[in-house]
Amino acid sequence: MNTNLFGLALLLVIGLAYPFVLPGYLTVGITMLLFIGWATSWDILGGWAGQVSLGHSFFVGLGAYFVALGQSRYGLAPWWSIMLAILAAAALAYVWGRITFGLRGPYFALSTIAFAEIFRLIAINEKWLTGGATGVFIASLPEPFGIDLFSRWTQYYLALAFALITVGIVALISTRRFGYQLRAVREDENSAMASGIDPTAVKLKAFMLSGALTAVGGGIYGIFLSFLEPHVLFYLLLSVQIALTAIIGGRGTVWGPAAGAVLLILSGEVFRTTFAQANLLIYGMLILAIVLFLPRGILGEVSRRLVRRRYARSAKS
Amino acid sequence: MPEVLRAERLTVRFGGVTAVDHVDLKLADRDILGLIGPNGAGKTTLFNALTGFVRPDEGTVFMFGREVTHLAPFQRARDGMGRTFQTDRPFEELTVLENVLIPTFLKHPSRRSAEHIARGVLDEVGLSDRADQPAMDLNLARRRRLELARALAIEPRILFLDEIMAGLNPPALREMIAFVRKLREKGLAILMVEHIMEAIIELCDHVIVLANGEKIAEGAPQQVVADSRVVEAYLGTD
Numbered sequence: 002m003n004t005n006l007f008g009l010a011l012l013l014v015i016g017l018a019y020p021f022v023l024p025g026y027l028t029v030g031i032t033m034l035l036f037i038g039w040a041t042s043w044d045i046l047g048g049w050a051g052q053v054s055l056g057h058s059f060f061v062g063l064g065a066y067f068v069a070l071g072q073s074r075y076g077l078a079p080w081w082s083i084m085l086a087i088l089a090a091a092a093l094a095y096v097w098g099r100i101t102f103g104l105r106g107p108y109f110a111l112s113t114i115a116f117a118e119i120f121r122l123i124a125i126n127e128k129w130l131t132g133g134a135t136g137v138f139i140a141s142l143p144e145p146f147g148i149d150l151f152s153r154w155t156q157y158y159l160a161l162a163f164a165l166i167t168v169g170i171v172a173l174i175s176t177r178r179f180g181y182q183l184r185a186v187r188e189d190e191n192s193a194m195a196s197g198i199d200p201t202a203v204k205l206k207a208f209m210l211s212g213a214l215t216a217v218g219g220g221i222y223g224i225f226l227s228f229l230e231p232h233v234l235f236y237l238l239l240s241v242q243i244a245l246t247a248i249i250g251g252r253g254t255v256w257g258p259a260a261g262a263v264l265l266i267l268s269g270e271v272f273r274t275t276f277a278q279a280n281l282l283i284y285g286m287l288i289l290a291i292v293l294f295l296p297r298g299i300l301g302e303v304s305r306r307l308v309r310r311r312y313a314r315s316a317k318s
Numbered sequence: 002m003p004e005v006l007r008a009e010r011l012t013v014r015f016g017g018v019t020a021v022d023h024v025d026l027k028l029a030d031r032d033i034l035g036l037i038g039p040n041g042a043g044k045t046t047l048f049n050a051l052t053g054f055v056r057p058d059e060g061t062v063f064m065f066g067r068e069v070t071h072l073a074p075f076q077r078a079r080d081g082m083g084r085t086f087q088t089d090r091p092f093e094e095l096t097v098l099e100n101v102l103i104p105t106f107l108k109h110p111s112r113r114s115a116e117h118i119a120r121g122v123l124d125e126v127g128l129s130d131r132a133d134q135p136a137m138d139l140n141l142a143r144r145r146r147l148e149l150a151r152a153l154a155i156e157p158r159i160l161f162l163d164e165i166m167a168g169l170n171p172p173a174l175r176e177m178i179a180f181v182r183k184l185r186e187k188g189l190a191i192l193m194v195e196h197i198m199e200a201i202i203e204l205c206d207h208v209i210v211l212a213n214g215e216k217i218a219e220g221a222p223q224q225v226v227a228d229s230r231v232v233e234a235y236l237g238t239d
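Chains as they are written, first to last, in the working numbering: chain A, 2 to 318; chain B, 2 to 239.
Think of the hints as simulated: they come from the structure by calculation, not from any bench. Glycine included, C-beta positions come from ideal geometry on N, C-alpha and C. Any given hint might turn out to be false.
[What the hints assert, rightly or not] Listed below are several chain A residues computed to face chain B (Cβ distance under 8 Å; list not exhaustive):
1. Leu-173
2. Thr-176
3. Asn-191
4. Ser-192
5. Ala-195
6. Ser-196
7. Val-308
8. Arg-309
9. Arg-310
[As the list claims (entries may be wrong)] Stretches of chain B that chain A covers, calculated by requiring three or more beta carbons in the stretch to come under 8 Å of a beta carbon on chain A:
10. 13-25
11. 88-95
12. 98-106
13. 124-134
14. 145-159
Could you build all of it, start to finish, from the sequences and the hints given here?
Here it is, written out as structure tokens:
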């Protein structure tokens, strides 16, 4: 817990200083922070509870659309629409989980693709609800305490708060009962049941929390984009990116998804500027190398070694 | 003595095969009931039907006088039914202490008290020095003890032991027998599936013999092993 607290403080300090040091790279910073938050939220379900979702772009889209439609149609301030999005995300996660948690292994992952696809099609076709394929535009936003929500600086700090909150929640969960229930369900559902744990209930809670947090980031992303199109927001590629970020960084570790986000966004940015056309090739090779040589992800391998070393040291003394 | 577990006409079928065929059994408080029989007799299936991991097709199960036939395994665990698994299934990625923490959380939601109690359980089974070791690195004898520690950590009143003696070397076997005896003295009712006759004869008050899913004999261990039907079931007839 102490290392987690230290990590959060470090993230806070670096996060606060970043825009002053690199004011020209605010967009990269926002993207990185959003991915820290999304991958960390994804990991509650995908890493800690072991239920891989490839539909999390749905929750991103949900948050973004709630903010945009709330503002443009009903004049609802973003903080209210984000709260509604949290409730809607949790409710839909509950319904989807009830239907699909009977499925184990790859079938749950496949079902989440279908889930996000259904909502992408709704967003494209139900013009009256979502503005259809042409999208929605956020023309104006309230200015609480004179803060301009269209400013990249504001959006940056909102994204920072989102990243800190998600990592903070996971750090808190990781040492407590709920965190261990999640791990138990991931490791062995029969043993979990013998320990008095209801696996379905635990997975549902994880899915609801994961989806609700992702939607919060989606709301911030909506403000950041200010113009929403269904095929950007409900896109399978975004779901895959979120999952990949957590997997590369280390599933089921507090800081793995954050590390994955920093590495992938940063290298994506660097490769694009230095390797021009070859950037995706290099990016793909990096991912391949990590998956091959560090199958538990970067921090997954590190934490395993730490556990072993700590035990070896305690056994010697 | 008050009865803690009772099954009536319990039957489990897999397709056309009747794995457990109308079996009755009773387990009294502080009793050790042994379940023996040749391979494929239906012992593990009966065990799973009693613990809720397999749905019986017929019959009823009562725990402390209350019907639990259709309760899920985790609900039975909450009511005080602890079990080990034949192929021990620790939470491989977690440390020994964390493995025991998980069931301990059932009765002790706060981390601090759960950790305190879990360390006590580890002490009891002699795994204290392994607390921080990843469970996947344990040898067979220690995995068995971990399996037992996890079952005890829910603070059960009935304990189901599925072949916890199998594969242990003689000293480890002696230790395990002594440990099970101590558990009974602490007030647990125990149902054990076991192949090691030495353990059955030393520990059990009653024994039930299954063959082809049916109960073919019942009684005190010495008397049951001398039963001609039991010998026949194990060795076959000419």
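Hints versus structure:
no. : hint    : in the structure
1   : Leu-173 : violated, 11 Å
2   : Thr-176 : holds, 6 Å
3   : Asn-191 : holds, 7 Å
4   : Ser-192 : holds, 5 Å
5   : Ala-195 : holds, 5 Å
6   : Ser-196 : holds, 4 Å
7   : Val-308 : holds, 6 Å
8   : Arg-309 : holds, 7 Å
9   : Arg-310 : violated, 10 Å
10  : 13-25   : violated (count 0)
11  : 88-95   : holds (count 6)
12  : 98-106  : holds (count 5)
13  : 124-134 : holds (count 3)
14  : 145-159 : holds (count 4)
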